[in-house]
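There are 2 protein chains.
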Amino acid sequence: MDGQVNLDPWGASNVRDYSRLFSLFGIEPIDRIIDQIPRPNRYIRRRVDFGHRDLQRVLKAVVDGTPYAVMSGIKPTGVFHLGSRMTAEKMIYFQHLSPKATVFYSIADVEAYCDNGMSFARSEKVAIQNVADLLALGLDPKRAIVYKQSEATAVMDLAFVFSRGVTMNMMEAIYGNRPFGLYLSALVQAGDILLPQLKAFGGPKPVLVPVGADQDPHIRLSRDLARRYNKELGFVLPSAIYHKLFRSLTGESKMSKRDPMTLLTLADDPKMAHKKVMNSLTGGRDTIAEQKKLGGQPDCCVAYELYQYHFVDNDDRVGKVWRECVNGERVCGDCKAEIADEVSSHLKEHQRKTVSMIDRAVDLIKESREQMPDKP
Amino acid sequence: MDGQVNLDPWGASNVRDYSRLFSLFGIEPIDRIIDQIPRPNRYIRRRVDFGHRDLQRVLKAVVDGTPYAVMSGIKPTGVFHLGSRMTAEKMIYFQHLSPKATVFYSIADVEAYCDNGMSFARSEKVAIQNVADLLALGLDPKRAIVYKQSEATAVMDLAFVFSRGVTMNMMEAIYGNRPFGLYLSALVQAGDILLPQLKAFGGPKPVLVPVGADQDPHIRLSRDLARRYNKELGFVLPSAIYHKLFRSLTGESKMSKRDPMTLLTLADDPKMAHKKVMNSLTGGRDTIAEQKKLGGQPDCCVAYELYQYHFVDNDDRVGKVWRECVNGERVCGDCKAEIADEVSSHLKEHQRKTVSMIDRAVDLIKESREQMPDKP
Numbered sequence: 001m002d003g004q005v006n007l008d009p010w011g012a013s014n015v016r017d018y019s020r021l022f023s024l025f026g027i028e029p030i031d032r033i034i035d036q037i038p039r040p041n042r043y044i045r046r047r048v049d050f051g052h053r054d055l056q057r058v059l060k061a062v063v064d065g066t067p068y069a070v071m072s073g074i075k076p077t078g079v080f081h082l083g084s085r086m087t088a089e090k091m092i093y094f095q096h097l098s099p100k101a102t103v104f105y106s107i108a109d110v111e112a113y114c115d116n117g118m119s120f121a122r123s124e125k126v127a128i129q130n131v132a133d134l135l136a137l138g139l140d141p142k143r144a145i146v147y148k149q150s151e152a153t154a155v156m157d158l159a160f161v162f163s164r165g166v167t168m169n170m171m172e173a174i175y176g177n178r179p180f181g182l183y184l185s186a187l188v189q190a191g192d193i194l195l196p197q198l199k200a201f202g203g204p205k206p207v208l209v210p211v212g213a214d215q216d217p218h219i220r221l222s223r224d225l226a227r228r229y230n231k232e233l234g235f236v237l238p239s240a241i242y243h244k245l246f247r248s249l250t251g252e253s254k255m256s257k258r259d260p261m262t263l264l265t266l267a268d269d270p271k272m273a274h275k276k277v278m279n280s281l282t283g284g285r286d287t288i289a290e291q292k293k294l295g296g297q298p299d300c301c302v303a304y305e306l307y308q309y310h311f312v313d314n315d316d317r318v319g320k321v322w323r324e325c326v327n328g329e330r331v332c333g334d335c336k337a338e339i340a341d342e343v344s345s346h347l348k349e350h351q352r353k354t355v356s357m358i359d360r361a362v363d364l365i366k367e368s369r370e371q372m373p374d375k376p
Numbered sequence: 001m002d003g004q005v006n007l008d009p010w011g012a013s014n015v016r017d018y019s020r021l022f023s024l025f026g027i028e029p030i031d032r033i034i035d036q037i038p039r040p041n042r043y044i045r046r047r048v049d050f051g052h053r054d055l056q057r058v059l060k061a062v063v064d065g066t067p068y069a070v071m072s073g074i075k076p077t078g079v080f081h082l083g084s085r086m087t088a089e090k091m092i093y094f095q096h097l098s099p100k101a102t103v104f105y106s107i108a109d110v111e112a113y114c115d116n117g118m119s120f121a122r123s124e125k126v127a128i129q130n131v132a133d134l135l136a137l138g139l140d141p142k143r144a145i146v147y148k149q150s151e152a153t154a155v156m157d158l159a160f161v162f163s164r165g166v167t168m169n170m171m172e173a174i175y176g177n178r179p180f181g182l183y184l185s186a187l188v189q190a191g192d193i194l195l196p197q198l199k200a201f202g203g204p205k206p207v208l209v210p211v212g213a214d215q216d217p218h219i220r221l222s223r224d225l226a227r228r229y230n231k232e233l234g235f236v237l238p239s240a241i242y243h244k245l246f247r248s249l250t251g252e253s254k255m256s257k258r259d260p261m262t263l264l265t266l267a268d269d270p271k272m273a274h275k276k277v278m279n280s281l282t283g284g285r286d287t288i289a290e291q292k293k294l295g296g297q298p299d300c301c302v303a304y305e306l307y308q309y310h311f312v313d314n315d316d317r318v319g320k321v322w323r324e325c326v327n328g329e330r331v332c333g334d335c336k337a338e339i340a341d342e343v344s345s346h347l348k349e350h351q352r353k354t355v356s357m358i359d360r361a362v363d364l365i366k367e368s369r370e371q372m373p374d375k376p
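Chains as they are written, first to last, in this note's numbering: chain W, 1 to 376; chain Y, 1 to 376.
Each hint should be verified, as a subset may be incorrect.
All copies of an identical chain are treated as equivalent in the list; a pair is satisfied when it fits inside any one copy or across any two copies.
In the SDA-like style, the derived pairs of lysine to any residue whose C-alpha atoms are separated by at most 25 Å in a straight line are [to be verified]:
hint, residue 1, residue 2
1, K199, E124
2, K142, V62
3, K275, V331
4, K275, E349
5, K231, R46
6, K60, W10
7, K100, A200
8, K199, V63
9, K244, Q371
10, K275, D313
11, K366, T77
12, K366, E151
13, K125, K199
14, K366, A154
15, K275, G83
16, K199, R369
17, K366, A200
18, K199, K366
19, K125, M372
20, K275, D341
21, K125, A154
22, K231, L182
23, K271, R352
24, K271, I358
25, K199, A121
26, K320, L24
27, K60, G212
28, K231, A121
No wet-lab data here; the hints were simulated from the structure.
Only chain W is shown next, with the shape it has when bound in the complex:
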């Protein structure tokens, strides 16, 4: 039994059994359409991406060679961590599936100001770093619109329009009883999600939003609004692909920017990152003797997640790590040292790339500004 399942984009979500989200919220299992996905990336192959809504719509656009968008957004409150990197990689993966794909990326500087007291100038700086990360990860800037919410009048206007189409009951049903500001924030995010379908960007089209399972309320709201404003603005219901939520390095349920040991960021000093990995929680037994006898427990091991989710693309190798672990052939210390080395050299390489992308990031934000429409 899983107890009550709570998906909360602003708080603690508790999901132990992801399959419950299928019956509870109508998320579809990724399994059923996995054969239709060309060159599935490791997240999909390993079911880190466990579910979706209307992903077929996007896959059909890939096959038909018709336009679609992939959208995401983030508060520019700090450097990318492994979670932001996962979303970024999925965005980029779906961008590269077709020359007809455009990425939309919203820098939520207004929210960063409201929630975190970050000035717009400071947000701009962090955002440039984030966008350089995206470019280093492979984002094609020629098919990307990167905009700041504070300047995106069309998004704000959409939020305003939507505010007339929602009722308090509807907001409470989706989000529970929350402060006014969070409801508005949700409407602005719906504006972000539906923006790519405005006339200025070629009109209605499939839009894919890669998110963590906890963000599903925003997806449901956007789909509801797309339905409500379909007549007026022609919206197609946006699609989503969901990844499992992952834990902090030290095993707490939430990572916290306040405790740097709980999360890896893409800007971590590689040596420090090595230390963090060595310090991470494993599914190991109390003694080596016990470990050899009973085997380790990779499914509750954060270090194993680094192999499975984040850093190893080769399925055979991940399978081998898993088998060796459960067979008691792996000792946690060695296992962590192996991946820690890769994490730190990966970060070194990524940081080198990122530095060279800063100018391009500044340009991309500037170019995008010129493409944004003034109004819906």
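Given the coordinates of chain W, assemble chain Y onto it according to the supplied hints.
For chain Y alone, coordinates are given in the frame of chain W:
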């Protein structure tokens, strides 16, 4: 007894005894500071402007020669009627009191879109006409910022910021239980009211908002927010001056754009306007004999309001009309014909001026756009 007094910016307000607003809502009587007002216009002299909040702050800026702002805004859903003209004239009066005054005028095209389904393009057209009216009425464009809400990112951003500072309880206490969209609309209006105090416009300063009594909830919200964000953004509490609500020409409590006979607009064909005035409700008696015996009732006469509020600047003449009426020396038909002639020639002259102002109006909107900051 007045029963319950209800001030509703979006619905029907019922005020019979304006002095009750002093004790109920803390509006101050204009009487107490009338001696401090230089060259009071007819609205103030005749107590059509019956109350205020912190008007002294603005009057002090006039005396000291320090900067202040006068702000108003309107949904561009149609041509100006006598109500919009009254607000416009007050704005212009306070602009001309000091060379340090700047007018801010918000074109609420987002609201017009949400509430009335008006496209932004159509709003733009109507707004140009409205701004030409303002110029014809004497607005000095060199000290005026006229902006469209749909393009005013700083206003939208302020609304977003404020959304985090309000609670549902606070909104309900001010506005009653209303749909989500109206609460947001109220926050955007608070953004409009506090915009002139942003750094881009020289920082905190007195701001006067001339409004009808029914708009007081918006003033209270803005003052509340100015207080809450005083530390962060340095806001001075905005001031307001309140006019009495007036009735439709035919005597219903609300004018309605759906029934053109109920209201005079500045674009009315002068002949048609003449007809409307002749058709308006008076405080006359059933027969001329009775009228001569008992006298008329100017205080419940819409035609008299045209003298008192709208078209006659000379106090002596208004006093004479009143006396002649109550003494039974005036017959309603003649009285209406007298003012109808003036209304129609006034409109003719105003329309001539307005036509010549259209280009200037287009320029003013364009120039203002360049002065608007991107963010708070």
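Checking against the hints above, which ones are violated?
-> Numbers 5, 6, 9 and 26 - these are the hints that the structure violates, sorted from lowest upward.
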